[in-house]
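Asks: Construct all of the structure, not just a fragment, from the sequences and the given hints.
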Amino acid sequence: MLQAERRNHIIELLNRDGKVVIDDLARILEVSEMTIRRDLQYLEEHKLITRTHGGAVLHNLLTKEIPYTKKAEQNIEEKQRIGMYASSLVKEGDIVILDAGTTNMEIAKGIVDIKNLKIITNDLMIGAFISKYDGIEVYCTGGTIQRDTGACLGNTAIEFLQNINADIAFVGASAIDIQRGITTPTMEKAQWKKEIIKCAERAILVADSLKFRKVSFAKICSLNRLDLIITDTGIDDEIRQEFENLDVEVKLV
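Take the sequence shown: its letter number 114 is residue 102 in our numbering, and every next letter is one higher.
Mixed in with the good hints there might be a few duds.
What the hints assert, rightly or not - Listed below are the simulated DSSO-like cross-link pairs for lysine-lysine, each with C-alpha atoms no more than 27 Å apart in a straight line: (1) K106 x K239; (2) K7 x K207; (3) K202 x K35; (4) K106 x K120; (5) K106 x K182; (6) K182 x K79; (7) K79 x K239; (8) K103 x K239; (9) K120 x K97; (10) K207 x K35; (11) K182 x K239; (12) K79 x K97; (13) K79 x K186; (14) K103 x K120; (15) K207 x K182; (16) K182 x K35; (17) K239 x K202; (18) K106 x K186; (19) K202 x K186; (20) K120 x K79; (21) K207 x K186; (22) K7 x K202; (23) K239 x K207; (24) K186 x K103; (25) K182 x K202; (26) K97 x K186; (27) K97 x K182.
Since the hints were derived computationally from the structure, they do not count as laboratory data.
Replies: As C-alpha coordinates, this is what we get:
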(Lines of atoms letter the chains of each structure in order from A and count residues from 1; the text may use other names and numbers.)
(Lines give C-alpha, C1' and ligand atoms only; values in the text may rest on other atoms or scores of the structure.)
Protein backbone atom coordinates (compact mmCIF):
# COMPACT_ATOMS: atom_id res chain seq x y z
CA MET A 1 0.00 0.00 0.00
CA LEU A 2 1.36 3.41 -0.99
CA GLN A 3 1.95 6.08 1.65
CA ALA A 4 -0.90 8.29 0.40
CA GLU A 5 -3.28 5.31 0.28
CA ARG A 6 -2.35 4.36 3.83
CA ARG A 7 -3.01 7.87 5.13
CA ASN A 8 -6.30 8.01 3.27
CA HIS A 9 -7.27 4.69 4.86
CA ILE A 10 -6.51 6.13 8.30
CA ILE A 11 -8.87 9.06 7.60
CA GLU A 12 -11.57 6.66 6.39
CA LEU A 13 -11.26 4.65 9.60
CA LEU A 14 -11.55 7.87 11.61
CA ASN A 15 -14.65 8.85 9.65
CA ARG A 16 -16.17 5.47 10.45
CA ASP A 17 -15.08 4.94 14.06
CA GLY A 18 -14.28 8.41 15.40
CA LYS A 19 -10.87 7.38 16.74
CA VAL A 20 -7.96 5.08 15.91
CA VAL A 21 -5.31 3.27 17.97
CA ILE A 22 -1.70 2.98 16.80
CA ASP A 23 -1.21 -0.75 17.38
CA ASP A 24 -4.53 -1.53 15.66
CA LEU A 25 -3.51 0.56 12.65
CA ALA A 26 -0.13 -1.15 12.46
CA ARG A 27 -1.84 -4.54 12.37
CA ILE A 28 -4.55 -3.54 9.86
CA LEU A 29 -2.16 -1.75 7.49
CA GLU A 30 0.68 -4.25 7.99
CA VAL A 31 3.36 -1.68 8.82
CA SER A 32 5.38 -0.83 11.91
CA GLU A 33 4.05 1.31 14.74
CA MET A 34 6.81 3.82 13.94
CA THR A 35 5.44 4.18 10.40
CA ILE A 36 1.96 4.79 11.81
CA ARG A 37 3.34 7.41 14.20
CA ARG A 38 4.95 9.23 11.26
CA ASP A 39 1.67 9.07 9.35
CA LEU A 40 -0.23 10.51 12.30
CA GLN A 41 2.36 13.24 12.73
CA TYR A 42 1.98 14.18 9.04
CA LEU A 43 -1.81 14.24 9.28
CA GLU A 44 -1.72 16.35 12.43
CA GLU A 45 0.73 18.83 10.87
CA HIS A 46 -1.77 19.26 8.02
CA LYS A 47 -4.57 19.87 10.56
CA LEU A 48 -6.45 16.73 9.56
CA ILE A 49 -6.29 14.90 12.90
CA THR A 50 -5.48 15.47 16.57
CA ARG A 51 -3.11 12.94 18.11
CA THR A 52 -4.06 11.40 21.45
CA HIS A 53 -2.24 9.06 23.82
CA GLY A 54 -1.77 5.92 21.72
CA GLY A 55 -3.86 7.05 18.76
CA ALA A 56 -5.74 9.92 17.14
CA VAL A 57 -9.14 11.54 16.56
CA LEU A 58 -10.34 13.70 13.70
CA HIS A 59 -9.48 17.39 13.81
CA ASN A 60 -12.55 19.33 14.97
CA LEU A 61 -12.60 21.45 11.82
CA LEU A 62 -12.34 18.51 9.43
CA THR A 63 -15.55 17.72 7.57
CA LYS A 64 -16.50 14.05 7.75
CA GLU A 65 -18.64 11.98 5.41
CA ILE A 66 -22.33 12.51 6.20
CA PRO A 67 -24.92 9.80 5.37
CA TYR A 68 -27.36 10.62 2.55
CA THR A 69 -30.41 10.56 4.84
CA LYS A 70 -28.88 13.17 7.13
CA LYS A 71 -27.79 15.37 4.19
CA ALA A 72 -31.34 15.26 2.85
CA GLU A 73 -32.57 16.95 6.06
CA GLN A 74 -30.14 19.89 5.87
CA ASN A 75 -30.86 23.26 4.19
CA ILE A 76 -33.75 21.82 2.19
CA GLU A 77 -35.16 25.11 0.86
CA GLU A 78 -31.70 26.40 -0.04
CA LYS A 79 -30.91 23.25 -2.01
CA GLN A 80 -34.23 23.53 -3.82
CA ARG A 81 -33.42 27.10 -4.91
CA ILE A 82 -29.94 26.08 -6.03
CA GLY A 83 -31.41 23.14 -7.93
CA MET A 84 -34.02 25.32 -9.62
CA TYR A 85 -31.47 27.85 -10.85
CA ALA A 86 -28.95 25.21 -11.90
CA SER A 87 -31.56 23.29 -13.89
CA SER A 88 -32.41 26.48 -15.82
CA LEU A 89 -28.90 26.35 -17.31
CA VAL A 90 -29.55 23.00 -19.00
CA LYS A 91 -30.71 23.06 -22.64
CA GLU A 92 -32.41 20.47 -24.83
CA GLY A 93 -29.84 18.05 -26.22
CA ASP A 94 -27.21 18.68 -23.54
CA ILE A 95 -24.92 16.02 -22.12
CA VAL A 96 -25.01 16.57 -18.36
CA ILE A 97 -22.97 15.08 -15.52
CA LEU A 98 -24.70 15.05 -12.15
CA ASP A 99 -22.42 14.41 -9.20
CA ALA A 100 -23.79 12.39 -6.30
CA GLY A 101 -25.65 14.21 -3.55
CA THR A 102 -28.87 15.81 -2.39
CA THR A 103 -28.30 19.16 -4.13
CA ASN A 104 -27.80 17.40 -7.44
CA MET A 105 -30.99 15.44 -6.81
CA GLU A 106 -32.80 18.80 -6.77
CA ILE A 107 -31.22 19.59 -10.15
CA ALA A 108 -32.41 16.20 -11.42
CA LYS A 109 -35.98 17.08 -10.42
CA GLY A 110 -35.74 20.30 -12.42
CA ILE A 111 -34.52 18.82 -15.71
CA VAL A 112 -36.80 15.82 -16.21
CA ASP A 113 -39.05 17.73 -18.64
CA ILE A 114 -36.16 18.76 -20.91
CA LYS A 115 -35.97 16.49 -23.95
CA ASN A 116 -33.08 14.67 -25.60
CA LEU A 117 -30.76 14.86 -22.63
CA LYS A 118 -27.96 12.47 -21.84
CA ILE A 119 -27.41 12.27 -18.08
CA ILE A 120 -24.29 10.72 -16.56
CA THR A 121 -24.28 10.14 -12.82
CA ASN A 122 -22.57 8.05 -10.17
CA ASP A 123 -25.55 8.44 -7.83
CA LEU A 124 -27.82 5.37 -7.78
CA MET A 125 -30.81 7.33 -6.49
CA ILE A 126 -30.46 10.07 -9.10
CA GLY A 127 -30.08 7.47 -11.86
CA ALA A 128 -33.17 5.55 -10.72
CA PHE A 129 -35.20 8.76 -10.39
CA ILE A 130 -34.41 10.15 -13.85
CA SER A 131 -34.81 6.78 -15.59
CA LYS A 132 -38.58 6.96 -14.99
CA TYR A 133 -38.92 9.86 -17.45
CA ASP A 134 -39.15 9.65 -21.24
CA GLY A 135 -36.81 11.53 -23.56
CA ILE A 136 -33.72 11.20 -21.35
CA GLU A 137 -30.87 8.70 -21.66
CA VAL A 138 -29.38 7.86 -18.28
CA TYR A 139 -25.89 6.43 -17.82
CA CYS A 140 -24.82 5.20 -14.39
CA THR A 141 -21.05 4.92 -14.19
CA GLY A 142 -20.81 1.75 -12.16
CA GLY A 143 -18.07 1.23 -9.61
CA THR A 144 -17.90 0.41 -5.93
CA ILE A 145 -20.99 1.63 -4.07
CA GLN A 146 -20.35 3.81 -1.03
CA ARG A 147 -22.91 2.42 1.39
CA ASP A 148 -23.78 5.59 3.33
CA THR A 149 -24.26 7.80 0.26
CA GLY A 150 -25.24 5.53 -2.64
CA ALA A 151 -22.40 6.94 -4.76
CA CYS A 152 -20.39 4.76 -7.16
CA LEU A 153 -16.65 5.35 -6.95
CA GLY A 154 -13.36 3.73 -7.95
CA ASN A 155 -11.58 2.84 -11.18
CA THR A 156 -14.71 1.76 -13.08
CA ALA A 157 -16.38 5.14 -12.51
CA ILE A 158 -13.20 7.03 -13.44
CA GLU A 159 -12.67 5.01 -16.64
CA PHE A 160 -16.24 5.75 -17.69
CA LEU A 161 -15.61 9.49 -17.41
CA GLN A 162 -12.33 9.27 -19.30
CA ASN A 163 -14.21 8.07 -22.37
CA ILE A 164 -16.86 10.79 -22.62
CA ASN A 165 -17.27 14.51 -23.21
CA ALA A 166 -20.02 16.55 -21.56
CA ASP A 167 -21.53 19.99 -22.03
CA ILE A 168 -22.03 20.74 -18.37
CA ALA A 169 -21.09 19.15 -15.04
CA PHE A 170 -22.68 19.95 -11.70
CA VAL A 171 -20.17 19.26 -8.94
CA GLY A 172 -21.08 18.85 -5.28
CA ALA A 173 -18.77 19.49 -2.34
CA SER A 174 -18.46 18.61 1.34
CA ALA A 175 -16.24 21.55 2.22
CA ILE A 176 -15.31 24.85 0.57
CA ASP A 177 -12.67 27.33 1.63
CA ILE A 178 -11.59 30.39 -0.35
CA GLN A 179 -7.90 29.66 0.24
CA ARG A 180 -7.84 25.85 0.26
CA GLY A 181 -10.43 25.30 -2.45
CA ILE A 182 -12.91 22.44 -2.65
CA THR A 183 -12.21 19.39 -0.51
CA THR A 184 -13.91 16.08 0.24
CA PRO A 185 -13.51 13.32 2.86
CA THR A 186 -11.82 10.68 0.64
CA MET A 187 -9.27 10.54 -2.17
CA GLU A 188 -11.64 8.38 -4.24
CA LYS A 189 -14.27 11.11 -4.20
CA ALA A 190 -11.70 13.76 -4.99
CA GLN A 191 -10.46 11.82 -8.03
CA TRP A 192 -14.02 11.36 -9.30
CA LYS A 193 -14.79 15.06 -9.00
CA LYS A 194 -11.50 16.02 -10.69
CA GLU A 195 -12.49 13.87 -13.67
CA ILE A 196 -15.94 15.48 -13.81
CA ILE A 197 -14.36 18.90 -14.09
CA LYS A 198 -11.85 17.71 -16.67
CA CYS A 199 -14.32 16.17 -19.14
CA ALA A 200 -17.01 18.89 -19.11
CA GLU A 201 -17.15 22.07 -21.18
CA ARG A 202 -18.54 23.91 -18.13
CA ALA A 203 -17.93 22.90 -14.51
CA ILE A 204 -20.41 24.35 -12.03
CA LEU A 205 -20.14 24.00 -8.26
CA VAL A 206 -23.49 23.62 -6.50
CA ALA A 207 -23.31 23.88 -2.72
CA ASP A 208 -25.38 25.41 0.05
CA SER A 209 -23.90 27.93 2.47
CA LEU A 210 -23.31 25.32 5.22
CA LYS A 211 -20.41 23.94 3.15
CA PHE A 212 -18.35 27.16 3.29
CA ARG A 213 -15.49 27.85 5.71
CA LYS A 214 -14.92 24.10 5.99
CA VAL A 215 -11.98 21.92 5.01
CA SER A 216 -11.90 18.18 4.45
CA PHE A 217 -9.15 15.65 3.71
CA ALA A 218 -8.66 15.44 -0.06
CA LYS A 219 -8.40 18.46 -2.36
CA ILE A 220 -10.40 18.56 -5.59
CA CYS A 221 -9.38 21.91 -7.05
CA SER A 222 -9.05 25.64 -6.45
CA LEU A 223 -12.22 27.69 -6.83
CA ASN A 224 -10.90 29.53 -9.89
CA ARG A 225 -10.83 26.20 -11.76
CA LEU A 226 -14.63 26.40 -11.90
CA ASP A 227 -16.80 28.25 -14.41
CA LEU A 228 -19.60 29.10 -11.98
CA ILE A 229 -20.42 28.73 -8.28
CA ILE A 230 -24.09 28.53 -7.29
CA THR A 231 -24.91 28.88 -3.60
CA ASP A 232 -27.57 30.44 -1.39
CA THR A 233 -27.80 33.87 0.19
CA GLY A 234 -27.00 32.47 3.64
CA ILE A 235 -23.26 33.03 3.23
CA ASP A 236 -21.86 35.83 5.39
CA ASP A 237 -20.66 39.23 4.18
CA GLU A 238 -16.99 38.35 4.57
CA ILE A 239 -17.31 35.41 2.19
CA ARG A 240 -19.22 37.60 -0.27
CA GLN A 241 -16.34 40.07 -0.18
CA GLU A 242 -13.84 37.27 -0.79
CA PHE A 243 -15.89 36.10 -3.77
CA GLU A 244 -15.26 39.44 -5.47
CA ASN A 245 -11.54 38.66 -5.57
CA LEU A 246 -12.08 35.32 -7.32
CA ASP A 247 -11.72 34.89 -11.05
CA VAL A 248 -14.99 32.96 -11.22
CA GLU A 249 -18.66 33.90 -11.54
CA VAL A 250 -20.76 33.43 -8.39
CA LYS A 251 -24.57 33.25 -8.31
CA LEU A 252 -26.44 33.65 -5.02
CA VAL A 253 -30.01 32.32 -5.05
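Asks: All hints are to be evaluated individually against the structure, with a verdict given for each.
Replies: Verification of the supplied hints:
The hinted pair formed by K106 and K239 meets the criterion: a straight-line CA distance of about 25 Å does not exceed 27 Å. Straight-line distance between C-alpha atoms of K7 and K207 comes to about 22 Å, which keeps the hinted pair within the 27 Å bound. For the hint pairing K202 with K35, the CA-to-CA distance comes to about 12 Å; that is within 27 Å, so the pair holds. As the CA atoms of K106 and K120 are separated by approximately 14 Å, the hinted pair is consistent with the 27 Å bound.
For the hint linking K106 to K182, the alpha-carbon distance of about 20 Å falls within 27 Å, and the restraint holds. Proximity of K182 to K79 is assessed by CA-CA distance (about 24 Å); at most 27 Å being required, the pair is judged to hold. Using a Cα cut-off of 27 Å, the hinted pair K79 and K239 holds, with the two alpha carbons roughly 19 Å apart. Restraint check: the Cα-Cα separation between K103 and K239 comes to about 26 Å, which is no more than 27 Å; the hinted pair holds.
Taken as a hint, the K120 and K97 pair is honoured in the structure, with Cα atoms around 11 Å apart against an allowance of 27 Å. Restraint check for K207 and K35: the C-alpha separation of about 14 Å stays at or below 27 Å, so the hint holds. A threshold of 27 Å between alpha carbons decides the hint, and for K182 with K239 the separation of about 22 Å falls inside it, so the pair holds. For the hint pairing K79 with K97, the CA-to-CA distance comes to about 15 Å; that is within 27 Å, so the pair holds.
Simply put, K79 and K186 have alpha-carbon atoms about 20 Å apart, close enough for the 27 Å limit, and the pair holds. Between K103 and K120 the CA atoms are separated by roughly 13 Å; this keeps the pair inside 27 Å, and the hint holds. Taking the CA atoms of K207 and K182, the gap is near 9 Å; set against the 27 Å cutoff, the hint holds. For a cut-off of 27 Å, the pair hint linking K182 to K35 stands: about 23 Å separates their Cα positions.
Only pairs whose Cα atoms come within 27 Å are accepted, and K239 paired with K202 is accepted, the gap being roughly 20 Å. With a C-alpha separation of about 18 Å, the suggested pairing of K106 with K186 holds against the 27 Å cut-off. At roughly 24 Å between alpha-carbon atoms, K202 and K186 fall within 27 Å of each other, so this suggested pair holds. In summary, the hint linking K120 to K79 is supported, as the alpha carbons are separated by about 19 Å, within the 27 Å threshold.
Proximity of K207 to K186 is assessed by CA-CA distance (about 15 Å); at most 27 Å being required, the pair is judged to hold. Of the pairs offered as hints, the one joining K7 and K202 holds, with about 20 Å between alpha carbons and a cut-off of 27 Å not exceeded. For the suggested pair K239 and K207, the alpha carbons sit about 23 Å apart, so the restraint of at most 27 Å is met. Straight-line distance between C-alpha atoms of K186 and K103 comes to about 25 Å, which keeps the hinted pair within the 27 Å bound.
At most 27 Å may separate the alpha-carbon atoms for a hinted pair to count; K182 and K202 meet this at roughly 19 Å. As the CA atoms of K97 and K186 are separated by approximately 25 Å, the hinted pair is consistent with the 27 Å bound. Distance check on the hinted pair: K97 and K182 sit about 25 Å apart at the alpha-carbon level, within 27 Å; holds.
Comparing the model with each numbered hint stated earlier shows that all of them hold.
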